[in-house]
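Starting from two chains that each stand alone, build the complex the way the hints lay out.
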Amino acid sequence: MEVSFSKEIEKLRLGDGETFHGEGILAVTKALLQSGVSYIGGYQGAPVSHLIDVMVQATPEMSELGVHVEPCTNEASAAAMLGASIMYPVRGAVTWKSIVGTNVAADALSNLASPGVMGGALIIVGEDYGEGSSVIQERTHAFAMKSTMWLVDPRPNLPSIVNCVEKSFELSETSNTPVMLELRIRACHVQGSFEAKDNIAADVSTTRRLAEPAPHNYDQLAHPPVTFNQERLKSSERMQTARDFIQAEKLNELFEGTQSDVGLIVQGGLYSSLMLALAELGLVGTDGKCELPILALNVVYPLVPDELVEFASDKKAVLVIEEGQPEYIENEISTLLRRAEVSTKLAGKDCLPMAGEYTSEVLIAGVGKFLREHLPKIGNSLKDDEFADEVDSLRKQASELLSEPVPPRPPNFCTGCPERPFFTALKLAEREVGSFHYSADIGCHSFATFAPFNFGNSILGYGMSLASNASVASFQEKRPVAVMGDGGFWHNGLLSGVTSRLMNGGDGILVIMKNGYTSATGTQEVISSPNTQIKLASAEKSATQDETTIEKALKGVGVKWQRTVHTYKVSQMRDTLLEAFRTKFDGLKVIVAEGECQLERQRRIKPIRSKALARGERVIRTRFGIDEDTCTGDHSCIRLSGCPTLTVKSSSDPLKTDPVAHVTNGCVGCGLCGEVAHAATLCPSFWRADIISNPTWWDRLKASLRGYVTGLKTA
Amino acid sequence: MNASKKNPRLRILLAALGGEGGGVLMNWIVESARNAGYAVQATSVPGVAQRTGSTSYYIEIANALRDVDVVFGLVPIPGRVDVVLSSELVETARVIAAGYVSPEQTTVISSTARTYATAEKMALGDGRYTQENVSRAAEKMARKCFLLDLGKIAIDNGTFVSATMFGALAGSGVLPWGVDKSRIILESGGKNNASLAGFDAAVDAITALHNAPEQKGEEVESSSATHSTEGVSIPTDLPQELQKVLQLGQDRCIDFQDETYGEEYLDRAKSLYEPADLNDPRTSHAVIEACRRLVLWMAYEDVARVADLKTRPERFDRIRREIKSRPGQIISVTEYMKPRAEELADILPVAIGERIMRRVTKGGRFPFLGRGIYVRSNGVIGYWMLRGVAALARVRRRSYRFKHEQLAIEEWLNLMRQALDHSPAFAQALAELPRVLKGYSDTLQRGKSAYERIMTQIVRPVAKSGEWEKSATLLQSAVAAALADDTHTRLDAVLSAEGETSPDKKLNTPAMATEVSC
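Each protein sequence line maps, in turn, to chains A and B.
Position one of the first sequence corresponds to residue 14 (the numbering used here), numbered consecutively onward.
Position one of the second sequence corresponds to residue 377 (the numbering used here), numbered consecutively onward.
With the rest of the complex left out, here is chain B (with noise of 0.2 Å):
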C-alpha cells in the first residue's frame, strides 16, 4: 500500500466539476475497497457546486476488517494525501496551490483536458490558464505523475469521465487490490458496457504511461500545418515565421478577394519587413506580428465573406463531424443573422454607402433591415440567397467599406514602418493594436473606438513628438486595457492617466503598469 509508515492507509483525494459523476466514482471505489476485504470511508462536499463548481472527494482505505476499527478523517491533510485524481487539469492546479501534492508520498493521476472557467472564456483576448505550467507543477511535485487526457478516452468510448477516472486509478497500481477487483464493479452494472470500455482504454492508457514513464505529459496542441509550397514573391532567405504567415496571408487574401488582393498583401508586408532589420528579435516579432494583424485586417468580415464562408461544401462536412451525425440522419442547418443598414451599406459602393451612413446617423429607419432572421443556409432560398449575397465579394472592391479599411491600413502601415525604424519596443505594441478590432456591429464599433481613442491621444502624437523609445509601455498598457473589460473603463483610466500627467513624466508612473497588469 502506498501509504507513509506513521499512517498505514491510503487517501485519495478526487478533484472534479460538479456534475461529472464523482460521487458515483466515490461510490465505486468505496464498493471495489470493501469487496477487497478493506475498511473504507468516504465523504464530499457537494453541495451547489453540483452545478458545475470546481468539487472534491475524499477516501481513506485501511488494511482493516472492520470500517468500525480505524478513526478514518473526513477532511484532507494537506502534503498528507496518497493519491489526487483529477478530471481537469486547472482542478489538478488548484489541489496543488492548496499543498495537497507532496514529493513524499503523492501520486498525481490527472486528465489533461480543459474545461475552461468563465473567468477564462469571458477574456476579450486570450483569458486561458497556461497549461504548460500545470503539467510543470505536477510533475516536479508529486511522488509519481500520470497526466493523460481521460475526457478523450471517455469521449472515444461513449462514456463519462468518471469511468476513465476509475480506470486509470485502477491501472496505476496505487490501489492495494488488483485491476480485476476494480473492473468487477463496472461488469455488475450490466449491459453499461460503455463505462467498462472506458475504464479499460483508461486501465491501457495509463499502463502505457507506466511503462515509457519518460513520455509523462502529452502534447498539448500540436500546430504545425506548414505549407509545402512556396509562394513566388516570398523571399526565401526570411525567417521561417515570417515565411509561414506571408504564405498564410497571401492565400487568405486571395480566397477573399483576388490574386490581386494577395499581391496587394505581399507588397504592404513587404514594405514591412524589407527595410526593418530582421537579426533584432524585437524587430523581428514585430514585423511578424504586423503581418500577421495585417492579413487578419485585410480580409476583414463583411457580409459577402460571411455569406461566402457560411455556405462552402467544406463547412457543411465540418458541421456534420461535430455534431457527430451518422449516416440516415438529415441535417438542416439555420444562420441566426441581423443585417443592419450598416452592414449594407459596407458592400455597397461608396456613394450609397455614404447616403445610407449618414441617415443611420440621422437615426433613419430601413425596411427590412434590423431585425434577426433565420436563414436555413442548406436549404435551397437559404443557399441561394446566400450565394448571391456571397457574389457581392465582386464588387467589393468599389464599396464603402473597402475604401475606409484600406485609408485605416495604410495610416497604419505608415505608423508601423516609422514605428519599425525608431523603436522595436514600440513597433511590438503597434503591432498588436489591430488586435482590438473585433467581431461584428456593437462589438467591432467598440473596438474601432478603441482603436481610434488610442491613435489620436497616443500614436499619432508619438509619430510627431518622436518619443518612440519612451511611449511603448503606454502604447502597450492601452492594447491590453482595451481588451481588459467591453465598458472601456480599464481603458479611460489608462488613457486619462496618460492625460493628466505630463508627457515626460507619464511614461515611468508605476501605477499605470500595475493599474494595467492587476
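Isolated chain A (complex conformation) (with noise of 0.2 Å):
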C-alpha cells in the first residue's frame, strides 16, 4: 500500500475540546481509540477499508496506546480474533464489509456469540446496499438474530455514530455479548464533524501486559455440555440484561410531534432519508421539527418491548420504515403488540417496497401512502402525487430530449492494470478452442464479466471459482476455467478450491492473478506482497515477478502442472492456455498470471522517475500511439482490451464517418496495445515512442546519425 493516510492519523490523535472533521468510517476508528480498545482486527472491503488501512499505517501511533493492530487474511480470522474478549477485560473492534463478510465470519461468531464475551466486543459492519454496492442484497440483521448478538444502526451523523460506538462497549460488557455496528456505505463515507474526546490507552494492552492467562473455565467454550446453558442464557439474563441498558441510556431516540395520532418506527440509519422525505411533504416545521412522532432505532435488535409498546398504544396506526428483506422488526413488533393486546394498526412493508433502498423518493410514496389510509385529514392534502408526478415528467422529458438510453459505465481495469492482458490473451484462446464454462470470482479480474470481455458463467464468492466447478467439471467435455486472484487464493481460493480438488483428482484450469495486493479493495497487502526490497530491486519492473509464495505454496500441496506467465506476454499467454485446454495431463492445471497493479506500480515508480528527472538523469518515458490515416475504424483493438486511454476520436479526414481509434495521453506505455496487435494480428495502426529525457551524448550522436541518414527530424 503506497497510499499515504498522514493526514487522517493525525485526525486520530485529537483530544477534548477539539473538532473532528473527516470521514465516517475515520471517525468511528476515532471513537474506538476514545473507548480504550486493546486490540483492532478487520478484513478490508469497501466502504470499511479506510478503518484497517488508516490503522496500519497509524503503527507507532497505536504502539503508543498499546494497541494491537492486524489485518486479518479473511473475514474469520477477524471474528475469531474476538475471542480475547471472551476471558479477559479487554475490548476489541474487528470489520469487513458485509453482508459477505459475515458470512465468512459466521462459523466464528457463533462460537463467540455463544459463551459471550467479558470484555466489550463489537463488530463494525460496513452494510453494503443500495446504490454503489458490489455483493448481493441481503441483510446483517439474520446473523444478530439467529447468533443473538445486538445490533446498532446509529443514526447517520458523526455524533450519534461516536455516540453509538461508544455505547456498544459498554451495552457488550454490562450483557456479555458481542455486538455488531452496521453503517451502510453514504455513512461509512460521511464528511461531518463531532466534538473529540482523549484517546483512552487500555488497562490490558500490547504495553500492559498479563503475567497469567485466564483460568480454565468450562462455561466459557462453545462446547458441550455448556452450550445448551449458554443458549438458555443469550434469550434470558443477556438479552434482559441489554434492553435494560438500552432503555437506560436512551439508545433509541424519541422525537415528539403535534400529530399524535400515528407514529413513525425507524431504523438509526434511515433517519435522515426520512427527515428529508417528511420536509418534502410538507411535514417539518422551520425550526425542524417533525408533526409526526418518531422512535428512531439506534439498536434494533434486540428491540425493548416496553418502549415499543408505549409509543404504539396511544395511536391509531404506526409504520415501521425497514429497509431490505425479510421484515424482522415489523414481524416482531407485530407480535410484541399482539402479546401486549395493543390494537394500533400496523403498517410497514405494504407501505414500502419489500426491496431495495430506502432513498427520500421511496419514503415520500410510502409515508404517503401510510398518512391517506391512516391519517386522512393530513394525508389527503399531502403533495407526496405532486411530487411523484413533477419527477416521472423530468424523466419523461429528459428521455425524450436524450432520445436514446444512456450508454452503461461500469467499472473498468484502470490504464496498465495486468489483468487486462490476460483476458486479451483469454479471448484468443477461446477463439481457438471455442468457447467454455467460466467460473468468475471476486475482485477486479470481476471486471472482465463487463464488456468488452464478457466472460463468466457463475460467481460464487470470494475465492470460490475453483470450488464452484468442481461439479461443472465433471460433466463437462471441455476443461472448465477458474480464475482468482491473489486475495481471493489466500482468503480462502487454496483450501476450499487447491487442495480440495487435488485430493478428489480433478481435472480442470485454475488461474490465479498474481498482482501482489488485494487490489479491488485498494490494495492492501497479502502474504505474497512483494517486500520492499524486491520492490527496489524490481525498480520500474513488475514487482510481483520475484515473488513466489504463491508458487511454492502450490508446489507444496501437489500441484504437479504449473506455469507462471508474465500477462503482458500475450502470445506466451494465450499458448499456456491453450497448452492447459489440450495437454493430456489430468488433472489440476495452475496458470499464475504474473503482472503487479498498475496502481502500486505507478505509485512505486512515479516518485523514482520524478527525481531521476530533477538530477537531469536520462529516463525513458513509454507511450503507446495510433496512425489515424491507417486506423480503418472498426475498433477491434478495443474489443480486445477495453483499456480507459484507447479510444475513439473522430477522424480528421473528412472522407471517413467512422470514429477513428485514438490513444489519450493517460496512456502509461504498459505494451498491451502492440502485443494484441501482434498475438490477434490485428492492424499496423499502432506505434510505441519512447522519449528519452536528458539524453547522453551517445543518444545524441546516435539521433544525429539517424536524422542525416532519414532525413527525419529525431530531436
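By construction, these hints were calculated from the structure, which means they are not laboratory data.
Don't be surprised by glycine CBs; every beta carbon is placed ideally from N, CA and C.
Some hints here could point you the wrong way.
In silico DSS-like pairs for lysine-lysine, Cα to Cα no more than 25 Å straight-line [stated by the list, open to error]: (1) 491/A with 597/A; (2) 409/A with 329/A; (3) 846/B with 779/B; (4) 557/B with 20/A; (5) 409/A with 382/A; (6) 646/B with 669/A; (7) 362/A with 390/A; (8) 382/A with 358/A; (9) 409/A with 516/B; (10) 409/A with 520/B; (11) 329/A with 362/A; (12) 726/A with 700/B; (13) 390/A with 328/A; (14) 362/A with 396/A; (15) 700/B with 662/A; (16) 714/B with 582/A; (17) 565/A with 597/A; (18) 565/A with 582/A; (19) 382/A with 159/A; (20) 528/B with 662/A; (21) 329/A with 302/A; (22) 491/A with 362/A; (23) 700/B with 619/A; (24) 528/B with 619/A; (25) 557/B with 24/A; (26) 715/A with 700/B; (27) 328/A with 396/A; (28) 624/A with 700/B; (29) 714/B with 557/B; (30) 528/B with 700/B; (31) 824/B with 669/A; (32) 24/A with 210/A.
Just the calculated beta-carbon pair ranges, DEER-fashion [said to hold, decoys possible]: (33) 709/A with 700/B: 20 to 30 Å; (34) 756/B with 549/A: 34 to 44 Å; (35) 717/A with 744/B: 24 to 34 Å; (36) 837/B with 409/A: 57 to 67 Å; (37) 700/B with 714/A: 17 to 27 Å; (38) 666/A with 745/B: 25 to 35 Å.
Next up, the structure:
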C-alpha cells in the first residue's frame, strides 16, 4: 500500500474539546480509540477499508496506546480474534464488509456469541446495500438474530455514530454479548464533524501485559454440555440486561410530534432520509421539528418491548420503516403488540417496497400512502402525488430530449492493469478452442464480466471460483476455467479450491492473478505481496516477478502442472492457455498470471522518475499511439482491450465517417496495445514512442546520425 | 443562496468517473464551506466505481453554525438538487435521465468533454452517444446551464478536472461565498500552482459564459476544411458537398497512386452522378456517400500504402505533438507489424500473388512471414526498409490485390448505377455497403465475407428480379447487422430470416426491423 494516510492519522490524535472533521469510518476509528480498545482487526472491503488502512499506517501511534492492530487474511480470522474478549477484560473491535464478510465469519461468530464476552466486543460492518453496492443484497440483521448478537444502526451523523460506538462497548460488557454496528455505504463515507475526546490507553494491552493466562473455565467454551445453558442465557439474562441498558441509556431516540394519532418507527440509519422525505411532504416546520412522532431505533436488535408498546399504544397506527427483506423488525413488533393486546394498526412493507434502498424518493411515496390510509386529514392534502408526477415528467422529458438510453459505465480495469492482457489472451484462446465454462471470482478480475470481455458463467463468492466448478468439471467435455486473484487465493481459494480439487484428483484449469495485492479493496497487502527489498530491486519492472510464495504453496500442496507467465506476454499466455486446454495431463492445471498491480507500480515508480528527472538523469518514458490515417475504424483493438486510454475520436479525414481509434495522454505505456496487435494479427496502426529525457551524448550522436541518414527530425 | 424557500440549503450533486479526483473536489467544497462559516455534510458511493466507472458525490450546505443543528440528507432527491456539477457530458445525461435536473431550481455546470464508455467505443462503426442531445436536454431542463470543456481547460493548465470543476463551481455564482474563499483552499496546497491555474482558468471561462448567456454551448466539432483549389474536371454546378468529396477523392487517389488513378476516380464518380437526378435529396445523398466510399475503397491499405504513410515527415511531427515531446528529448518510434503471406501476395504481380495464395489456402508455410516484427521507423534500417516497401506502389497496378479490388469495385459501381436508376432508397443502402470492408487481415476477411454474403443473398438477386424498392430496407438492415457484432450473429439472423420467407413477404416483416434496430 503506497497511499499515505498521514492526514487521517493526525485526526486520530485529537483530544478533548477539539473538533474532528472527516469521514464517517474514520470517526468510528477515532471512537474506538476513545473507548480504550486493546486490539483491532478486520478484513478490507468497501466501505470499511479505510478503517484498517489507516490503522495499519498508524502503527507508531497505536503502539503508544498499546493497541494491537491486525489486518487479517479473511473475516473468519478477524471474527475469531474477538475470542480474546471471552475470558479477558479487554475491549476489541473488528471490521469487514457485510453481507459477504459476515457470511465468511459466521462460524467464528456463532462460537463467540454462545459463551458471550467479558470485555466489550464490537463488530463494525459496512452494510453494503443499495446504490454503489458491489455484493449480493442481503441483511446483516439475520446474523445478529440467529447468533443473538446486538445490532446497532446509528443515525447517520458523526456525533451519533461516535456515541453509538462508545455505548456499544458498554452494552457489550453489561450484557456479555458481542455487538454489531452497521453503517451503510453513504454513512461510512459521510464527511462531517464531532467534538473529540482524549484517547484512552487500555488497562490490558501490548504495553501492559498480563502475567497469567485466564483460568480454565468450561462455562466459557462453546462446547457441549455448556452450550445448552449458553443458549438459555442468551435469550433470558443477556437479552434482559441489554434491554434494560438500552432503555436506561436512551439509546433509541423519541422525537415527539403534534400529530399524535400516528407514529413512525425507523431504523436509525434511515433517519436522515426520512426527515428529508417528511420535509418534502411539508411535515417539518421551520424549526426543523417534525409534526409526526418518530421513534428512531439506534439499536434494531434486540427491540425493547416496553418502548414499542408505549410508543404505539396511544396511536391509531404506526409505520415501521425497515429497509431490506424480510421485515424482521416489523414482524417482531407485530408479535409484541399482539401479546400486549395493543390494537394499534401496524403498517410497514404494505406501504413500502419489500426490496431495495429506502431513498427519500421511496420514503415520500411510502409515508404518503400510510398517511392517506391512517391519517386522512393530513394524508389527503399531502403533495406526494404531485412530487411523484413532477419526477415522472422530468424523467419523461429527459428521455425524450436524450432520445437514446444513456450507455452504461460500469467500473473497468485501470489503465495499464496487468489483468487486462490476461483476458485478451483468454479471448484469443477462446477463438481457437471455442467457448468454455468460466467460473468467475471476486476481485478486479470480476470486471472481465463486463464488456468488452463478457466472461463468466457464475460467481459464487470470494476465492470460490475453483470450488464452484468442481461439479461442472465432471460433466463438461471441455475443461472449465476458474479465475481468482491472489487476494481470493489466500482468503479462501487455496483451501476450498486447490486442495479440494487435488484431494479428489479432479481435472480443471485454475488461473491465479498474481498482482501482489488485494487491489479491488484498495491494494492491501497479502502474504505474497512483494517486500521492500524486492520492490527496490525490481525498479520499474513488475515487482511480483520475484515473489514466489504462491508458486511454492502450490508446489507444496502437490500441484503437478504449474506455469507462471507474465501477463503482458499475450502470445505466450495464449499458448499456455491452449496447452492447458489440450494437454493430456489429467489433473489440476494452474497458471499463475503474474503482473504487479499498476496502481501500486505507478505509485512506486513515479517518485523514482521525478527524482531522476530533477537530477537531470536519463529517463525513458513509453507511450503508445495510433496512426489515424491507417486506422479503418473497425475498433477490434478496443474489443480486445477495453483500456480507458484506448478510445475513439472523430477522424480528421473528412472522407471517413466512422471514428478512429485513439490513445490519450493517460497512456502509461504498458505495451498491451502492441502485444494485441501482434498476437491477434490486428492492424499496423499502433506505434510505440520511447521518449528519452536528458539524453546522453551517445543518444544524441545516434539521433543525429539517424536524422542525417533518414532526413527525419529526431530530436 | 440558490435554494428553495422550503428547504434553505444548497444541494450539490457531483457526477464524475472513478479516478478523476471527485473525492478531492468534494473535500475542497466541504472545506471552503466550513471556512465560510456554513454547516456542511457530504458523502459518496465510490465502491469499485473508483475504477473508471460512473460515480457521484452529494453535498448539502446549510446556513447554520454547527453541523449538528441540521439534519442533512445522504441521498439526493430527484428534482430537488440545486447544482449539478459534472466532469463529463454523458454523466450529465445520466443525471438528467434520473430526474435530478429541474427547471425550477437546478443549475447545471457540465464539462462538454467526452470519455467514451466501452459500449460506445467497441462498436464496429460509430457507437458514440449523440452529444447534441445532451446539450439540448441540459439547456432545456436546467434553470441555468453552463456547458464548457473543463477537461480541456485542465489539460491546458497541466492539472486535473477536479480543479477546473471547482473553479467553474466557484465562478458560477451558485455558492453563497466569494470566489476567493474557494480559491484559498488551493492556495494552502502550497506549490500546487497547476491546480490554482486550472481553477482560475475555469473561473474566467465560466464568467465569460455568464456574461454572454446566448453562447451557452460550445461547438463540439468543427470540421469545415474546404478546399480552395478547384479541381480541373469537377463541374461547379454539382452540390457543394459532392464537389468537396470529389476533390478530396481525387487528391487521395493521386496520393495513393498517381494522376491517372485520380482521373479514374473522377470518371467512376462521374458515371454515378451524371445520369442521376441530384435534385432528389435521397439520390443526391446516395451519390455523395457512394463517391465517399468509392475513394476509401480505391485507396485501400496495402503494405506499400501503410509503409508510405508511416514514413512521412508530417507523421513524425504529428506523433511529437501527440506525445507532447519537449525540445531536447529524443524520440524513437517503433511499429508493430505482422506481415503474412497474404499481405505479400497482395502487392506482388498477379501470377506470383495467385501462387502464394494457392499455397496459403493449402496451409503451406512461409519463412519469415506471419511473425510479429518490431520496426523502428525513424531508425536507419527500419526507415529505409519501410521506404523500400513503400516503393512497391510502383508495381501496384499489376498486383494481385489491385486486380481483385478493381473487379469488385466495378461490379459494385455497376450495381450502384442500376440502383440509382431504379430506387434511391436501395441506392442509399448500397452506397453504405462498402463500409463493412474494414481493417486488416482477419478483420478484413470477416468484412469481405459479410460483403460477399450480402451481395450474393440480396444485391445480385435483386438486380435480376428488379425488386429494388422493396428490398431497400432489407439491405439497410443487413449492412447495419454486419456492423453490429464481429461474430456476424446479427447478420446470420437477418440473412437467414430473409432465406426462410418468400420474396414477397420477407420485406415487410416487422420482426426483422426490430431485430436490427435493437
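Hints, verified against the model:
no. : hint                         : verdict
1   : 491/A with 597/A             : holds, 12 Å
2   : 409/A with 329/A             : violated, 39 Å
3   : 846/B with 779/B             : violated, 33 Å
4   : 557/B with 20/A              : holds, 22 Å
5   : 409/A with 382/A             : holds, 23 Å
6   : 646/B with 669/A             : holds, 21 Å
7   : 362/A with 390/A             : holds, 23 Å
8   : 382/A with 358/A             : holds, 14 Å
9   : 409/A with 516/B             : holds, 13 Å
10  : 409/A with 520/B             : holds, 20 Å
11  : 329/A with 362/A             : holds, 18 Å
12  : 726/A with 700/B             : holds, 15 Å
13  : 390/A with 328/A             : holds, 15 Å
14  : 362/A with 396/A             : holds, 21 Å
15  : 700/B with 662/A             : holds, 18 Å
16  : 714/B with 582/A             : holds, 16 Å
17  : 565/A with 597/A             : holds, 24 Å
18  : 565/A with 582/A             : holds, 22 Å
19  : 382/A with 159/A             : violated, 33 Å
20  : 528/B with 662/A             : holds, 15 Å
21  : 329/A with 302/A             : holds, 21 Å
22  : 491/A with 362/A             : violated, 47 Å
23  : 700/B with 619/A             : holds, 18 Å
24  : 528/B with 619/A             : holds, 24 Å
25  : 557/B with 24/A              : holds, 24 Å
26  : 715/A with 700/B             : holds, 22 Å
27  : 328/A with 396/A             : holds, 23 Å
28  : 624/A with 700/B             : holds, 20 Å
29  : 714/B with 557/B             : violated, 58 Å
30  : 528/B with 700/B             : holds, 15 Å
31  : 824/B with 669/A             : holds, 19 Å
32  : 24/A with 210/A              : holds, 11 Å
33  : 709/A with 700/B: 20 to 30 Å : holds, 22 Å
34  : 756/B with 549/A: 34 to 44 Å : holds, 37 Å
35  : 717/A with 744/B: 24 to 34 Å : holds, 32 Å
36  : 837/B with 409/A: 57 to 67 Å : violated, 45 Å
37  : 700/B with 714/A: 17 to 27 Å : holds, 25 Å
38  : 666/A with 745/B: 25 to 35 Å : holds, 30 Å
Figure legend: structure checked against the earlier numbered hints; hints not met, in rising order: 2, 3, 19, 22, 29, 36.
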